[in-house]
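Modelling step: build the complete structure from the supplied sequences, incorporating the hints.
From first to last, the protein sequence lines stand for chains A, B, C and D. Each residue of the first sequence is one higher than the last, beginning at 6 in the working numbering. Each residue of the second sequence is one higher than the last, beginning at 6 in the working numbering. Each residue of the third sequence is one higher than the last, beginning at 6 in the working numbering. Each residue of the fourth sequence is one higher than the last, beginning at 6 in the working numbering.
Derived by calculation from the structure, the hints in this document are not laboratory data. Positions of the beta carbon are idealized from the N, C-alpha and C atoms, including for glycine. Hints are not guaranteed to be accurate.
[What the hints assert, rightly or not] Taking CB as the label site, the calculated pair distances span:
1) C:24 x B:24: 30 to 36 Å
2) C:8 x A:55: 31 to 37 Å
3) A:125 x B:61: 30 to 36 Å
4) B:24 x D:124: 17 to 23 Å
5) B:140 x A:125: 44 to 50 Å
Protein chains: 4
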Amino acid sequence: MDIISFSRTVNYYETDRMGIVHHSNYLRFFEEARVDWLAQLGMPYEVLERRGLMSPLLTSACAYHKPLTFREPFRVHITLTQYNGLRMTLAYRIERTTDNALCATGETSHCFVDAATFRPLRLQRAFPDAHAALLAAAAGEDE
Amino acid sequence: MDIISFSRTVNYYETDRMGIVHHSNYLRFFEEARVDWLAQLGMPYEVLERRGLMSPLLTSACAYHKPLTFREPFRVHITLTQYNGLRMTLAYRIERTTDNALCATGETSHCFVDAATFRPLRLQRAFPDAHAALLAAAAGEDE
Amino acid sequence: MDIISFSRTVNYYETDRMGIVHHSNYLRFFEEARVDWLAQLGMPYEVLERRGLMSPLLTSACAYHKPLTFREPFRVHITLTQYNGLRMTLAYRIERTTDNALCATGETSHCFVDAATFRPLRLQRAFPDAHAALLAAAAGEDE
Amino acid sequence: MDIISFSRTVNYYETDRMGIVHHSNYLRFFEEARVDWLAQLGMPYEVLERRGLMSPLLTSACAYHKPLTFREPFRVHITLTQYNGLRMTLAYRIERTTDNALCATGETSHCFVDAATFRPLRLQRAFPDAHAALLAAAAGEDE
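Okay, structure coming up:
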């Protein structure tokens, strides 16, 4: 399955007094792209959440290569780099759309928890469809 | 009872590419000051929330007089301008601490709802202690 | 000229612990829509800014009618309600796209300033093309 | 020199619909603490900026151990782990003040650039006082 990269332009309120996107917002760009990616995989996050699944972050990392600024269009490319039923790791590349300049790279790792108890859960048992979709995505990356 | 005005300094991430505090953040300053004000009145918002009360906004308004910028200290003065058991209206003045310059004025109005159902509730019946504290605050403003 | 309403869906990071969009974010939605509206009128804000024009807020107001929540699609309809060469006032309606429910209404008023000096300027003299576009937009609203 | 850890409590608008602090905000907590830390070292960031120095991020990383939530007090402990005149790396520990629970750890690395040109600069030549303060801080960590 072909995933379409998430894309949009930078908002004014996302810039800071350096005139560029504040570094904390890249984690928000990653999140927007991740939600879009999950929906494309057939797992809209709002549906998973309603069914009792949450996927909090364990770690995040970002390398800032080139600053994005107001109104610049960018896209976020996501790769599932690790998935073992308990945790997943996603890698991100943010590129400026106008010239394909690499602006940021990053990574987030996630576990899966029961929304009511915040207890970790095995995706395979609790959400077999989500498990299958992530396995397929992981396999797709290997091709 | 004397309420101490909430005060702090501007953070870097609160500025935008104009070099000044982004206008949306003043609503966040109002909220920080409101939470502090409620705690000083003996009603810490986190306690009310745990007891099932939420106080969403009905309206907000802000007039921007003088921009605040990075690291400038400011204080927020709150006045309870209306309270009738179902709704309350608060007025805000934000002043730069260094020279008392008036930077922003604003207003928020709130109702009270049951946290579980989002249904409006009469504060007097459900939270008589909060009702009494707000009545006292309203009276204090009249003196 | 027909302006297309700005639309997108709510992001996770825009919600708060009430489970709904934090009230301060509506001002950010207004800004996103305003930037889009100016571009459709032929005045991309980033171009005006590069030419030395900034348009800070004088006032903002918002009434919260119905909460938006994560992943809900919404659109923002803008009306130019006042323009006199020195100031403009815009009115906003935010509707949930799925059922046209009215979620928020609001208003922002703006002056025009020289980006270098922060001094007010008359749009007609300094940016006659922007002045003409806003006059046309104001006339369009009257039809 | 003894540095006092930065501390404050969590704001409502910093939480998300999971009921806890949104993960992106930890980078903002790091920034607030970093600005405070620089001021305690005798290098208020706003003064450095006025003198033409900016210190953009090269990388950031955060591990989320225990969620913080609304009104919880926390402190941020900073260690300068690397400084070579061109770059610096800071490590962060965020602890909940009430029980010293470790909530997050992280790292940011920075270069130094001329605010006008965004060109990298050697701190020792351009800002010898800042260079000396960072060297002293680095030495202090070794003790």
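Taking the hints in turn, this is what the structure says about them:
1. At roughly 35 Å, the beta carbons of residue 24 (chain C) and residue 24 (chain B) sit within the given window of 30 to 36 Å.
2. Checked against the hint of 31 to 37 Å, the pair residue 8 (chain C) and residue 55 (chain A) passes, with Cβ atoms roughly 35 Å apart.
3. Distance hint check for residue 125 (chain A) and residue 61 (chain B): the Cβ-Cβ separation is about 33 Å, which falls inside the suggested range of 30 to 36 Å.
4. Against the hinted window of 17 to 23 Å, the Cβ-Cβ separation of residue 24 (chain B) and residue 124 (chain D) comes to about 20 Å, which satisfies the hint.
5. With their beta carbons about 47 Å apart, residue 140 (chain B) and residue 125 (chain A) fall inside the hinted range of 44 to 50 Å.
In summary, this structure violates none of the numbered hints.
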